Amino acid sequence: MSLEYENDGALHAKLIEEVLSQYPDKAAKRRKKHLSIAKSGVEAGGESEILSECDVKSNIKSIPGVMTIRGCAYAGSKGVVWGPVKDMVHISHGPVGCGQYSWSQRRNYYVGTTGIDTFGTMQFTSDFQEKDIVFGGDKKLEQIIDEIEVLFPLNNGITVQSECPIGLIGDDTEAVSRKKAKEYKKTIVPVRCEGFRGVSQSLGHHIANDAIRDWVFDKKDVEFEAGAYDVNVIGDYNIGGDAWASRILLEEIGLRVVGNWSGDATLAEIERAPKAKLNLIHCYRSMNYICRHMEEKYGVAWMEYNFFGPSQIETSLRNIAKHFGPEIEEKTEKVIAKYRPLVDAVISKYRPRLEGNTVMLYVGGLRPRHVITAYEDLGMVIVGTGYEFGHNDDYQRTSHYVKNGTLIYDDVTGYELEKFIEGVRPNLVGSGIKEKYPVQKMGIPFRQMHSWDYSGPYHGYDGFAIFARDVDLAINNPVWDLYQAPWKERPPSGRAIAAE
Amino acid sequence: MPQSAEKILDHAPLFREPEYRQMLAEKKLNFECPHPDQIVTDQGEFTKTWEYREKNLAREALVINPAKACQPLGAVFAAAGFERTMSFVHGSQGCVAYYRSHLSRHFKEPASAVSSSMTEDAAVFGGLKNLVDGLANTYQLYDPKMIAVSTTCMAEVIGDDLHSFIENAKDEKSVPRDFDVPFAHTPAFVGSHVDGYDGMLKGILEHFWKGQERTEAKGTINVIPGFDGFCVGNNRELKRLLDVMGVSYTFIQDASDQFDTPSDGEYRMYDGGTKIEEVKRALDAEATVSLQYYNTRKTLDYCGQVGQATASFHYPLGVQATDEFLMKISALSGKEIPEAIRLERGRLIDAMADSQSWLHGKKYAIYGDPDFVYAMARFVMETGGEPTHCLATNGTSAWEAELKELLASSPFGKDAQVWAGKDLWAMRSLLFTEPVDLLIGNSYGKYLERDTGTPLIRLTFPIFDRHHHHRFALMGYQGGLRVLTTILDKIFDKLDRETSQTGVTDYSYDLTR
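Chains as they are written, first to last, in UniProt numbering: chain F, 1 to 500; chain E, 1 to 513.
Chain F on its own, in the form it takes in the complex:
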C-alpha cells in the first residue's frame, strides 16, 4: 500500500536557512550538519529499496543553551531498558529528582501485584543528602539493599541505576552489588548510567545492554526446555500494551515468545534469552547491542521488524516466517488473511477522513521511521521527521521510509522545531510532552508519540485500529476551528468531522 508523493524540498531548504540565520555563527555552523532535505537515492526495487538519503550528523553533543529535547543516560537505562523489568527493584541511586520525574511516566504496562511481587510503578531512591556526597554513598547503598530485602522479599533482583553524582564522587557500586548479591544469592546489577555520560539517552541504552551481558548472562543455571520456534521480542517496552498486541500475532503464527525485553518482563525472561532461536528486534536503537552480543556469543540470529500499520506488519510477519520455514509461513498467511477484514474496515472508515493530511514527526528510538508507513496506510503524508538520539545507522534505515524532499532534523532544538512547524503548517505533529502544548497553541493537532498520549497499544493489528482512531480524533476535533474569535476575521473552516 505504498503511497506515492514528493515533499516540497525547496520550502524546507528555505526554512533550514532561516533558522540557521538566527544562531550565533559558531552554533549555526554546528547545527547546519544536523538539518537536511531527503534526496532521491538509488533506484532499486525489492525490500532494500532506498527511497532517499538522509544525510545528517547525529549522535554528537547537543549545543548548550538551545533547548535540546534530549534526555540523559539515566533516562535511557532506568527509564527505557531496565525500568520495565517488573520483578526487580530498580534503585534510582543519587538525589531524589531523577527517580521522581521518571516515576510511572513511560506507561510500561505489566501484570502483577505492585509492591509485593512487581515494582514497576514505584519510585525507589537513595535520596542522596549532602553527607552522602561528601562521605560517599556505598554504605547507604548496602543498607538500602538490606531494607529492600526486609520489605520486599519477593523481589527477584535489584538494579542500581547511577545518577550523576555517583560517578563523580567515586563510589564503587560494583563492589557493593557483588557483595550483596553473594549475601542474598540474588541478581544485583550496578548500571553506570550517570546522566553526564554520552550525549543523550542513547549511551544509557548501551550501558544498560552491557550490564545485562556482564551481570545477568551466564550467572545462573537456567533450566529451560528450548523449542524450535522460540523467539525473544527485543526492544518492545509494552507501552500501553504494545508488546501484548504483538505477542498475540507471533503466537498465532506458531512461534513461542520465551522472553519479552523488557516490557512486562521478569528477570527469568532475560536470563533465558540466549536459548532462543531468533531475536526479533523492534527498537533497534535501544537494544541492538545485546542482539549483536547474543549472535556472537550464543549464535542467536536477530532480525528487525516493524509492527506499526498493516503494510509493515504483513511484510514483517512474512519475513519472520521465512526464517522458520513452510509450516510457519502457511500459518502466517492464514493470520494475515484473518486480519485482512479488520484492516480493510479500519482503512475504509478512516482513510477518507485523513487522506492527504500532512504529518511532522520528532521522536526517539525507532519511531521516526517505523510509524511512517502506518500513517501512509491511512493516506497521510510525512513531511518531516527526526530523531532525538539516533545514530548514523538509524538515518540510513530512515532512507527506506521517507520520500524525496522530506525535512530531516537531528536533535532538533525548541526554536527550530517551532519555526519548522510554523513554516510547514502540517495537519498533525507527533512528538513528546514538551512539544505537545506549544504545537497545540498554534492550532495544530498533536499526538504524543512516546506515550501514545495515554492511549495505545499501537503495535499489531489491534493497535493499528486504535492508532487510526486516535489520529482521526486528533485531526477532526472541532476545537481547532474555534481558535479565532468570530469578531476577529476568518470564519471556521468547517473541517471537523464527528466521530462515528
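Simulated from the structure, these hints should not be mistaken for laboratory data.
Because the structure is a prediction, the values reported are computed rather than measured.
A virtual CB, placed ideally from N, CA and C, is assigned to each residue, including glycine.
Careful: at least some of the hints might be erroneous.
Distance condition first, Cα-Cα at most 30 Å in a straight line; then the derived DSSO-like pairs of lysine-lysine [said to hold, decoys possible]:
#1 F/Lys57 <-> E/Lys55
#2 F/Lys334 <-> F/Lys297
#3 F/Lys182 <-> E/Lys55
Per the computed footprint, the stretches of chain F lying under chain E, defined by three or more beta-carbons under 8 Å from a beta-carbon of chain E, are [claimed, not checked]:
#4 3–11
#5 61–70
#6 97–107
#7 372–384
#8 406–416
With chain F held as given, fit chain E onto it using these hints.
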C-alpha cells in the same frame, strides 16, 4: 478477534478480552517464573499489618515513593514567574528535560528551560565553556529579558561557581554587560523543590536589590506565593482580593499567566510574570509577605535584612487562615477589609454550615509540601474533620513542631499524627493500620487509593491524571468553597456508589443528601 472497526477497543477494555487474558495467563505460567499465588497473597496481607508497619517506618536509608522533588524544579518554576525569563540550568541536560516534562504534565502547558548540556569532558574540566556558549545561544535564540541560572547536582558536585562563570560569560560578550542574569546554586542533594524555589527567588531579588538605595514606600506590600501548582487559580484570586481592598502591592513571582496561556493560534513562549521594573521597585516596599513560609525562609531573611517588615503564612486556605492573611494585609497596608469580602467569608461559612453533617468526624490523611499540609489540616479541623495523618517528605522538625502546636489547639486535632520526612510507602502502612475516610494529596496518591481503598482527593502538585483543577483557586474564601465542594463531591460519589446496587443497597440511594 476482539478488535473491530465499528467499536475500537483501546488498552483498558482490549486486554480484558478472553484472547488476551488467556495469553497473559499462559505467559505468566510458562515464562515468568512467578512466585506461587499463595506466597504473593500472604506477603500482600503481611504488608497490611502493624508488624510490617514497624519495619517500614524503621527504614533509615531507602526512600520509596517520596512526596518531594529536587531543588532545580523549584528554581525553574520560580523563574517562570518573571517577565520574559528563560531558565538556564547549568549541568546535565537530561534534568532539564525532566523538569519541563514534569511541569507540562501538571499544567498541560508548555514549559521552557534550557540546559548547558554538560557531558563527561565538562565533568573533568568544569562547565565554564558550556555556560559561556549556552548563554550566548539562549540570548540570541529565545530573546529573553532575563536569564535565570540554576544548577543540577552534577555542576554542584564538581563545584562550578556560577557567579564567576557568569562574569566570564559577560566578559566574553555572551550577553550584554547590563543584561540580567540572576543565579542560584540549587543542589539536588539538599532540601527539596521548595528550597530551590527559595534560592532562585532570593537570587533574583539580590540581583536587583543588592547595593541599591531603599526608599521605603509606606503601605506597599510585596506578596510572594511560593511553589504552587495551583498558582494559576490562586494568584489570580489573591490579586482580586488585594485589588478589592485597594492595596498597593507587587506580586513577586507570578506564574499564573505563564502556565495558562490561551489557545488562539499563537504560541507564547513567555506570558505575564512580574515585570523587571516592578521587581526593582519592590525593594522600596514596606513589607514582604510570603504565602508559604517553608518555601521562602531565606528569601524572607533577605527581605528582613534590606529593612522590610516580613510576615508569612502557610498557604492561606480556609476560614481562619484567610482571616489572618487579610487582617495582616490590612494592618500592613492601612486598608480596611471591605464589606464585599466579609460577605464572601459569610458565604463560605454558609456553605460549611449547610454541609457540616457530612464532614463532621471524618478522618483524613494529608500529604504534600509542608505549608500545604498545615493549611489542609487546619481547614479540615474547621469543618469538624480530623487530620489523622499529616505527612510531608520535605517537612522539617520545625514544621513538625509548628503543626503539632496547631493540632493541639483543637479537639479535632487531638489524635492527629505528624510524619516529617516520611514517604508514601510509609503512608501505605499508616493507612492500613490506622485507616481514614479520605486521603488528600496529588496524583501519586492514586496508588494508595488502589492499595488501601482510601478515596483520594487531588488538591496539590503534581496532578497528572485529572485536568484543569489547578485553574481554580484554593486560597481565600472562594478557594475554600472550591476545596469544600471537592471534598463533598468525593464523599457523595462514594456514598452513591455504595448505595447503588438495585434491590440490595439502593434503599439508601437518596435523591437529596
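These are the hints, each one checked on the structure:
Distance hint between F/Lys57 and E/Lys55 is unfulfilled; the C-alpha atoms sit about 53 Å from each other, more than 30 Å. Between F/Lys334 and F/Lys297, the direct Cα distance comes to roughly 35 Å. Violation of the 30 Å bound is thereby established for this hinted pair. With a C-alpha separation of about 24 Å, the suggested pair F/Lys182 and E/Lys55 falls inside the 30 Å cut-off, and the hint holds. Check on the region 3–11 of chain F: 0 of its residues sit with their Cβ under 8 Å from a Cβ of chain E, so the three-residue criterion for coverage is violated.
With a cut-off of 8 Å between beta carbons, the region 61–70 of chain F has 10 residues touching chain E; three or more are needed, and the interface restraint holds. For a cut-off of 8 Å, the count of residues in the region 97–107 of chain F with a CB near a CB of chain E stands at 7, and the three-residue condition holds. Proximity of the region 372–384 of chain F to chain E, defined as three or more residues with a beta carbon under 8 Å from a beta carbon of that chain, is not established by the 0 residues found. Check on the region 406–416 of chain F: 3 of its residues sit with their Cβ under 8 Å from a Cβ of chain E, so the three-residue criterion for coverage holds.
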